[in-house]
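Let the hints inform the model, and build the full structure from the sequences given.
If you're matching them up, the sequences are chains E and L in order. Each position in the first sequence, counted from 1, maps to that position plus 68 in this note's numbering. Each position in the second sequence, counted from 1, maps to that position plus 39 in this note's numbering.
There may be inaccurate statements among the hints.
Partial pick of chain L residues on the chain E-facing surface, computed with a CB cut under 8 Å [as the list claims (entries may be wrong)]:
| # | residue |
| --- | --- |
| 1 | Pro56 |
| 2 | Pro60 |
| 3 | Glu64 |
| 4 | Gly172 |
| 5 | Phe173 |
| 6 | Pro227 |
| 7 | Pro230 |
| 8 | Leu291 |
Derived DEER-like restraints, expressed as beta-carbon distance ranges [unchecked claim]:
| # | chain 1 | residue 1 | chain 2 | residue 2 | range |
| --- | --- | --- | --- | --- | --- |
| 9 | L | Asp214 | E | Gly86 | 33 to 43 Å |
| 10 | L | Ala267 | E | Ile129 | 51 to 61 Å |
| 11 | L | Asp236 | E | Glu123 | 28 to 38 Å |
| 12 | L | Ala82 | E | Leu119 | 54 to 64 Å |
| 13 | L | Phe78 | E | Glu79 | 32 to 42 Å |
| 14 | E | Leu119 | L | Arg83 | 20 to 30 Å |
| 15 | E | Glu79 | L | Asp214 | 42 to 52 Å |
| 16 | L | Glu48 | E | Glu79 | 48 to 58 Å |
| 17 | E | Gly94 | L | Glu48 | 27 to 37 Å |
| 18 | E | Gly86 | L | Gln117 | 37 to 47 Å |
| 19 | L | Gly254 | E | Glu79 | 46 to 56 Å |
The hints are simulated quantities; they were obtained by calculation from the structure and are not laboratory data. The beta-carbon is built from N, C-alpha and C at its ideal position, and this holds for glycine as well.
Each chain, letter by letter, is given below.
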Amino acid sequence: MSDISALSFEEAMKELEGVVRDLESGNVELEKSISLYEQGARLKAHCEKKLKEAEEKVARITLGPDGQPNGTTPVEGL
Amino acid sequence: MTTLLFTHESGLAHVSPLGHPERAERLEAITAALAGPGFAALARRAAPLADEAEVLRCHAPEHLAGIKAARPERGWSQIDADTYMSPGSWEAALRAIGGAEAAVDAVLSGEAANAFVAMRPPGHHAERDRAMGFCLFGTVSVAARYALDHHGLARVAVLDFDVHHGNGTQDLLWDEPRAVFVSSQQIPLYPGSGHADETGAHGQIVNLPLRPGSGGAEMRAAWRPALARVADFAPDLILISAGFDAHRDDPLGGLNWTEDDFAWITGAICDLAAKTCGGRVVSCLEGGYDLDALAASVAAHVTVLMERGQ
Numbered sequence: 069m070s071d072i073s074a075l076s077f078e079e080a081m082k083e084l085e086g087v088v089r090d091l092e093s094g095n096v097e098l099e100k101s102i103s104l105y106e107q108g109a110r111l112k113a114h115c116e117k118k119l120k121e122a123e124e125k126v127a128r129i130t131l132g133p134d135g136q137p138n139g140t141t142p143v144e145g146l
Numbered sequence: 040m041t042t043l044l045f046t047h048e049s050g051l052a053h054v055s056p057l058g059h060p061e062r063a064e065r066l067e068a069i070t071a072a073l074a075g076p077g078f079a080a081l082a083r084r085a086a087p088l089a090d091e092a093e094v095l096r097c098h099a100p101e102h103l104a105g106i107k108a109a110r111p112e113r114g115w116s117q118i119d120a121d122t123y124m125s126p127g128s129w130e131a132a133l134r135a136i137g138g139a140e141a142a143v144d145a146v147l148s149g150e151a152a153n154a155f156v157a158m159r160p161p162g163h164h165a166e167r168d169r170a171m172g173f174c175l176f177g178t179v180s181v182a183a184r185y186a187l188d189h190h191g192l193a194r195v196a197v198l199d200f201d202v203h204h205g206n207g208t209q210d211l212l213w214d215e216p217r218a219v220f221v222s223s224q225q226i227p228l229y230p231g232s233g234h235a236d237e238t239g240a241h242g243q244i245v246n247l248p249l250r251p252g253s254g255g256a257e258m259r260a261a262w263r264p265a266l267a268r269v270a271d272f273a274p275d276l277i278l279i280s281a282g283f284d285a286h287r288d289d290p291l292g293g294l295n296w297t298e299d300d301f302a303w304i305t306g307a308i309c310d311l312a313a314k315t316c317g318g319r320v321v322s323c324l325e326g327g328y329d330l331d332a333l334a335a336s337v338a339a340h341v342t343v344l345m346e347r348g349q
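Given below as structure tokens:
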């Protein structure tokens, strides 16, 4: 298993899709099924964290009194 | 009237490789739990050896022959990634069936109000042509067909609250209009089946998927309407695939049931049985892999059976 915290969003999503596919295929051993599910849950949490970080980087362009762009401010409430 | 316990020492001779979760200690833990003073009134019987032809009530002859041929002289034979046979497994599996059928006999004859069959290997993953998930033969399905065909019952219900879907029971009873099968299970989890849109050839199968991390409230909300459907079906006998791995301490499941939840569902099933079939319930052990949680949950389950069986 790779170190989940080092994965990019795209890598984690790809692994998560593989986990879901394996769990739904019925080809996973009974004994390993729960740990595979738990790995999927960790991947999902990591994807959600990456999404949140990306959202926080999305900035709103602010305009000056003359109507021209003069900077950015973080977007709230996404 | 009383509650009967069917078990046999051969259940300990089905030996798994070291570290396997479905191990003989499970049955030892159950036996110890049911030896306490609260269970003095529990009448005990040896699970008889079923004739191997009983397996054919549900399984293909090739499957029976394959399992028979896979018996090892020593050590283990591996049947699938999870499933092993030791030299004692053949007798244990046939006594699991024999115990379930003897329990059906006892409950239908009026010798007992209800019964619990504490045997292993479990059975609810075994399909018509395939052993899997620790299971060799579909014990509860065989007992259901025995009740229908040998005793001539018109309708039976099979209720499965193991954390894993009873894919084997679903396979064996898929085209059996005389049997309703209700199964609750964590999804996603092994074996990957058990979604609500799997309803059987006659609409007689009800699957209740439960979300990982969910507990007793969600379980009760799922089972209440399902049990009402079973009441409408008016079974002459209720069989339970009693798995205890939905317990919050179980290492193979991700649900959060407690002993109280197992007591609740046992009581709800007994209430249903009292209304539809004179209280006739035969419960058979399936999973449950944390020894303390298993022992406490089986104790809660059997306590309710005894209370309702008086």
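Here is how each hint holds up against the structure:
no.	hint	in the structure
1	Pro56	violated (11 Å)
2	Pro60	holds (6 Å)
3	Glu64	violated (16 Å)
4	Gly172	holds (5 Å)
5	Phe173	holds (7 Å)
6	Pro227	holds (4 Å)
7	Pro230	holds (5 Å)
8	Leu291	holds (5 Å)
9	L:Asp214 / E:Gly86: 33 to 43 Å	holds (34 Å)
10	L:Ala267 / E:Ile129: 51 to 61 Å	holds (58 Å)
11	L:Asp236 / E:Glu123: 28 to 38 Å	holds (35 Å)
12	L:Ala82 / E:Leu119: 54 to 64 Å	holds (60 Å)
13	L:Phe78 / E:Glu79: 32 to 42 Å	violated (54 Å)
14	E:Leu119 / L:Arg83: 20 to 30 Å	violated (58 Å)
15	E:Glu79 / L:Asp214: 42 to 52 Å	holds (45 Å)
16	L:Glu48 / E:Glu79: 48 to 58 Å	holds (52 Å)
17	E:Gly94 / L:Glu48: 27 to 37 Å	holds (34 Å)
18	E:Gly86 / L:Gln117: 37 to 47 Å	violated (26 Å)
19	L:Gly254 / E:Glu79: 46 to 56 Å	violated (33 Å)
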